[in-house]
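Asks: The listed protein sequences correspond, in order, to chains A and B. Here the first sequence is numbered in the working numbering, starting from -4 and rising by one per residue. Here the second sequence is numbered in the working numbering, starting from 3 and rising by one per residue.
Certain hints may be false.
[Said to hold, decoys possible] Away from chain B, derived, C-beta distances all over 10 Å, residues of chain A: (1) L13; (2) G37; (3) L44; (4) S105; (5) G132; (6) I137; (7) L171; (8) D232; (9) L235; (10) V248; (11) T257.
[What the hints assert, rightly or not] Calculated lysine-lysine pairs in the BS3-like style (CA-CA distance at most 30 Å, straight line): (12) B:K186 <-> B:K239; (13) B:K186 <-> B:K290; (14) B:K304 <-> A:K222; (15) A:K124 <-> B:K304; (16) A:K124 <-> B:K239; (17) B:K105 <-> B:K245; (18) A:K222 <-> A:K168; (19) A:K124 <-> B:K290; (20) B:K245 <-> B:K304; (21) B:K327 <-> A:K222; (22) B:K290 <-> B:K239; (23) A:K222 <-> B:K191; (24) B:K105 <-> B:K290; (25) B:K245 <-> A:K89; (26) A:K89 <-> A:K222; (27) A:K222 <-> B:K239; (28) A:K85 <-> A:K222.
In case anyone wonders, no lab produced these hints; they're calculated from the structure. Beta carbons: idealized from backbone N, C-alpha and C, even for Gly.
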Amino acid sequence: MRQRLRTTLLLAPATVWLLAMLVLPLVVVVVFSFGARAPAGGYSPAFTLENFANLGTRWAAFENTLMLAPAGTALCLLIAYPLAYYLAIKADPKLRTLLLILVIVPFWTSILIRSYAWIYLLGGQGIPKLFATLGLGSPRLINTPFAVLAGIVYGYLPLMVFPIFVSLERLDKRLLEASADLGSPPWRSFLQVTLPLSMPGVATGCMLVFILLMGEFLIPAMLGGGKVFFVGNALVDLFLQSRNWPFGAAVAVALVVVMLVTVTLYMRLTRRWAGARDEVSLM
Amino acid sequence: MTDRKDYISREKFMAELWRYKKGSVTRRHFLGVTGLGAATAVLGSAMPGLRSSAWAQGGIGDRVVLATWPNYHDPANFEAFTAATGAAVDMNVFGSNEEMLAKLQAGGSGWDVFVPTNYAVTTYVDEGLIEPLDVTRIPNYDAATFEQRFAGAGTVDGTVYGVPKNWGTTGFAVNTAQLGGLAKPTTWKEFWDITMAEFSGRTMVHDYQLTTIGNALKYYGYSFNSVDPNELADAEKLLIEAKPHLFAINSDYQPSMRSGDAWMTVCWSGDGKQMNRDMPEIEYILGKEGGELWSDFYAIPKGAPHMDAAYALINFLLDPAVNAKESLFHGYPVADSRVNALLPPEVLNDPILYPAAELLDALEFGAAVTLTDPNRAELMARFKSA
């Protein structure tokens, strides 16, 4: 009895927090999504499916998000894995802490300021000018999907590096020795031992980056010049410019549904993959 | 040399510290001789939390929150206000009237003073979001010295809700060095045509429904303020067609114009002046078909937390000497004859800031309906997400 009381008391803050900060707002969003826009903007009570019927007008935003979020996640992974591998396995242990700090250092400055720096780097007086000086032409970089992708990879890379680093660092080196003793060349040891054992880190990193990217709005707004549009940007516009809260709520609900579906599919896949090698479990 | 000690050596400091710890000298002596007392007093006065109580007793509080537009105030004037009253100015900057309205509608903005544009005032009144002004508390506001054309929109049904800040026009700026053999554009039709041809990838439009849709409507010769569904459909067609040719949709266009990334942009007159001053090849043009004439107001939102400070700040900024400094800083004209009397003639004769009468006559003030019309709002949002 006392134990139950203690459990209840310990869980109470989290429960209250989740109810007030997650469940209640979600209920409000769902209720609003069936409402109508008040004459001067905002919400007025109604019951209509019109907001959901209009979702098609934001298809381009969903398309952009569903293309660039996975692409950004994949690019982050491609760059982060070798980096994490180097940090965890190859780097001099004495240097490791310093190198890890260097990975985090950019986080000490606001992403807003760093994005502004990218505007100048990718703008006509930045990298394109350097290219032109080298006689390589002057490519348009700023306000393109490429610029957004570069900003995304730059901003989210540490979130991918750390989970992979942790899973590689915990790797039992004796397994690699055993693999070598049994005649595996290094590349096969990597594919059959190191890579599978680091999959939990990869799965966590991808999930972290992907979920955050699906809601991203700052990087596309700053490096996409209002031309590379994410669902997050559509939401900002609907709430802060056109003040169509019900339609904004409907877009938000649609985004939550899309996220739920993709994340569930992703977890099923990784779990099945992990199940095939039962020594690996999802973090 | 005076006998006042401005510094203390390390050895002396440690000796004094020991004397203080042993109880040989008083705390007052220690703080005085080491200079720590003075340092504490200075640091203390720089901490707003510590200072507020002193000012609150007879003053207006220690801060005032202002919601306004970018590049629109001389920071030196705010410093002078703080020095005179003790209230620090906390400034928030916005990109459109829609955004300001959205913040006030959501509630809890915490603003004391905000700067709505002429066409937005009636909506704030209808929504009960704006405080009627007690003009007796703004002695520097003299209705007789303000030009009615720019001051009128602040008064709704005989009640003053806003006192005039600045006025200006919305035209476009073009980097004439990039025109090549092209004739300088003089109309909105040419603005959009060049955007979709020679200047492809080089034009910017505001992230703002009023001016971006308004000037697309001008392409067809429609009213800048139209809410006619057929006319809006034409404007949308043009905008969607032009979108792939745009450099960006952003109200902060000066950096891109100055760096040479963008060659042409929808532009407010003060920004046009600021760019033209530094780079004469960037010229400001009013489309022949017309466009926007606007006037901004100082107003107080309902429930402003620092009402006394709000009145004090508005009154301070309307002091003709202060207002003239503001105007010289940001370039936008003031509709107050007392301020004009203080400005140099070359400013008053500037064709960018004070366009010729026949050009002004073609312009329209924004209409209140554009702010609340759901079709215009949704058109802009669709254009951006296309």
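Asks: For each hint, tell me whether it holds in the structure or not.
Replies: To see whether the hints hold, each was checked on the structure:
no.	hint	result
1	L13	23 Å, holds
2	G37	5 Å, violated
3	L44	17 Å, holds
4	S105	16 Å, holds
5	G132	14 Å, holds
6	I137	7 Å, violated
7	L171	50 Å, holds
8	D232	5 Å, violated
9	L235	5 Å, violated
10	V248	17 Å, holds
11	T257	20 Å, holds
12	B:K186 <-> B:K239	25 Å, holds
13	B:K186 <-> B:K290	13 Å, holds
14	B:K304 <-> A:K222	36 Å, violated
15	A:K124 <-> B:K304	51 Å, violated
16	A:K124 <-> B:K239	35 Å, violated
17	B:K105 <-> B:K245	28 Å, holds
18	A:K222 <-> A:K168	49 Å, violated
19	A:K124 <-> B:K290	36 Å, violated
20	B:K245 <-> B:K304	39 Å, violated
21	B:K327 <-> A:K222	38 Å, violated
22	B:K290 <-> B:K239	22 Å, holds
23	A:K222 <-> B:K191	22 Å, holds
24	B:K105 <-> B:K290	35 Å, violated
25	B:K245 <-> A:K89	53 Å, violated
26	A:K89 <-> A:K222	46 Å, violated
27	A:K222 <-> B:K239	17 Å, holds
28	A:K85 <-> A:K222	42 Å, violated
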